[in-house]
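Trainee: The chain contents come next:
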Amino acid sequence: MNTAMAPPLSTGQRPHRTVCGRRSARKRTDGWAALFFTSPSIAGLALFTAFPICMSLVISLFQWPTLGDKTFVGAGNYLHLLADPIFRQVLLNTVLFVVLYLPANIVVSLGLALWLATPIRGRQFFRVLFFVPVVTPMVANVLVWRLIYQPNGLVDASLFPVTGIHAPNFLGDPRWAMLSVVAMSVWGGFGYNMLIFSAALDNIPQEIIDASRIDGAGPVSRLFRVTLPMLSPAMFFATTMTVITSLQVFTQTFLLTGGGPGAATETLVQFIYGQGFSSFALGVASAGAWLLFLFIMGITALQFLGQRKWVNYDV
Amino acid sequence: MRAPNKLWKAALAAAFAAVLVTSACGSNSSSGGGSGDGTKNADGSVTLTWTMWASGTADAQIWQNIAKSVTDKYPNIHINLQTTAISDYYTKLGTRMAAGTAPCLVSSQSSRIAGYTQGMLPLDDMIKQNNYDVADFDKTILKGLSGTDGKQYAIPYDFGPQILWYNRDLFQQEGVPEPKVGWTVNDFLTTARALTKDGKYAIALYPTDALTMIFSMNGGQPVNDAGKLQLTDPRMVQGYQTFAGMVTKDKISPALPGVDSNWSKNQFYTGNVALMSGGPWSISDIKAKSKFTFAPVTMPAAPNGMQTSTQGSGFGISKTCKDPEDAFKALTVITSKETLSSLGQQGRAFPARKSAQNTWYDQAKMPGAKEVLDAGIAASQAQRYTKNWDQVSKLIEQFGVAAFNGQSPVADFLQQVQSQASQN
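Protein chains in written order, with my numbering: chain V, 1 to 315; chain E, 1001 to 1424.
Chain V on its own, in the form it takes in the complex:
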């Protein structure tokens, strides 16, 4: 096993390549100094990031119960997951969440950022107000939203006396549960993107706006031909980050619906959590985590490829 430990370059060893004189010798010393100074963070990175990552890859190739024998199954866990109808359903649920959440989040945050960019009273106050849900703990949010959603809750109680119709059982009905989770998530998450858009709007040079005015652009064409293209780098950043975080959605569904009713709101991360900490099938959980990682990587790569077509970096 010790053979696996590759000996690091010792100082006495000369590189095989012919190197020319002092300059590169000094560079070499710089390299060692750099290594010395960065070693604490390299050690930290190795111990707390690289090690767990490699370990999870190793675990994903085993049938790894917490108690009892571990058996090597190769790609078995991956094949099991890909053939598992429940895994496919949670994958679909996760994609559905992203498809519903992303446009809603961008529209709400962009709309409010544009509104806040107009000269209105209490602009700072609204900025803070809209950001509050981002910083309040999700557990507290969930308790409040349960009271809003439940039968005889806020929505039902205010709807029924006026219309005579009961509101749906939002979290108890499989047809409504995902929409309810998305609505709460948008409320809790739009503030962050709104702040990004707000900052990007403030950075648009006034000369460009003025020039477009002189050229005779009305408010609508100014929005679509000047403001939005100027915002495209911020929009690219916001959509990429939002897709990554929403593919990892967990807290909302875990606390608000517990993945139910049925498997209507069970997401990938929640499935992985259940496999790992409820069934203690650590191999399957690790394999699921790697599949999620590959999925996120793939989607993000596609987004980077696609950005050339719509993101404008000219200022």
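One or more of the hints may lead you astray.
[Unchecked claim] Straight line, CA to CA, 20 Å or less: simulated DMTMM-like cross-link-like pairs of lysine to aspartate or glutamate: (1) E/LYS1151 x E/GLU1325; (2) E/LYS1200 x V/ASP156; (3) E/LYS1251 x E/ASP1187; (4) E/LYS1354 x E/GLU1371; (5) E/LYS1319 x V/ASP69; (6) E/LYS1251 x V/ASP156; (7) E/LYS1365 x E/ASP1169.
These are computed hints drawn from the structure, not numbers from a lab.
Since this is a predicted model, take the numbers as computed values, not measurements.
Once you've looked at the hints, dock chain E against the given chain V.
Mentor: Relative to chain V, chain E alone:
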């Protein structure tokens, strides 16, 4: 630029290699003994770690005092008590057992012990060698804390038969006569219909609560004698159909607002429903969270007589413990009559020892409680559980909610949970 670049690569390769070596070593040591708890010092003293759940500082202090009483009796034994919130307790226990660093003294509920017996010592031989008299303990909970191999893995401290608690104020307000020991399923239905009016309901039925109530109704058990899940057993299907019908057809229970395991209790505490299923352990929570007078009653009796199931908790010894003899001595103190009496007196637990139960009745000051619990205990059996009970109960919540709200057939829900839970 080349030389430092190479250096970086070498450094990264070395770090990576080190990681691989440590990971390989890590996986080796986890299957071996590792550094088990309870190593004896040269002077004969030993420190044993005891892991237990606790809901707060006051609760943790109760257990701390018990830990101290072990050292009072056996001065060479010191207990290092570690308390965790119940929500994280089993995750922590499972990972520590997997790493070979489980504490010597392990606590477990009867509903969860099946998942951990592989990492625990059978206590039968030590019970014999130490002449520890277990006849005083309730038989059903001793059975509940034994494995499918018939061996005893933990000694109980508390237990209780499933009973119903009811809101006396609400019964009076609605003019419905209070239930009595020995009432039947038909009495229950008549009472429930009379209670359901003015926006109030008889009971809040939740899939996991109903699971144990089915046993009282028709004798159906979710798990067979061999420890295998049998949710599609005809009695389970019929029982669940009856309870789901109480929500959808009889409407004696409100519609379920989603997956929320505290919902049925909260409905009772806030006075929206008149009855709640539970055990003697529920009393302190009801006292703390409600503002009405309440009383216990037995589970409604089926036509062939009353039957109910018991649950409880106890303490065992982990396999990796270096000093099981002293750990067993500690167990005899923390499950002694004195300890269980003090737990009963403080209202923390309904003692698993018959001789200590009067302390609990004295502090509960609830007329009729003894009659109800005696009748319940006499008609009770150990509730059986599977190894993956946490997963099973989560699936039952997830899929049961839709079935109880009438959005999916009961048989499908049970089939779904049965097949998912049997996968691993």
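Trainee: Which numbered hints does this structure break?
Mentor: none
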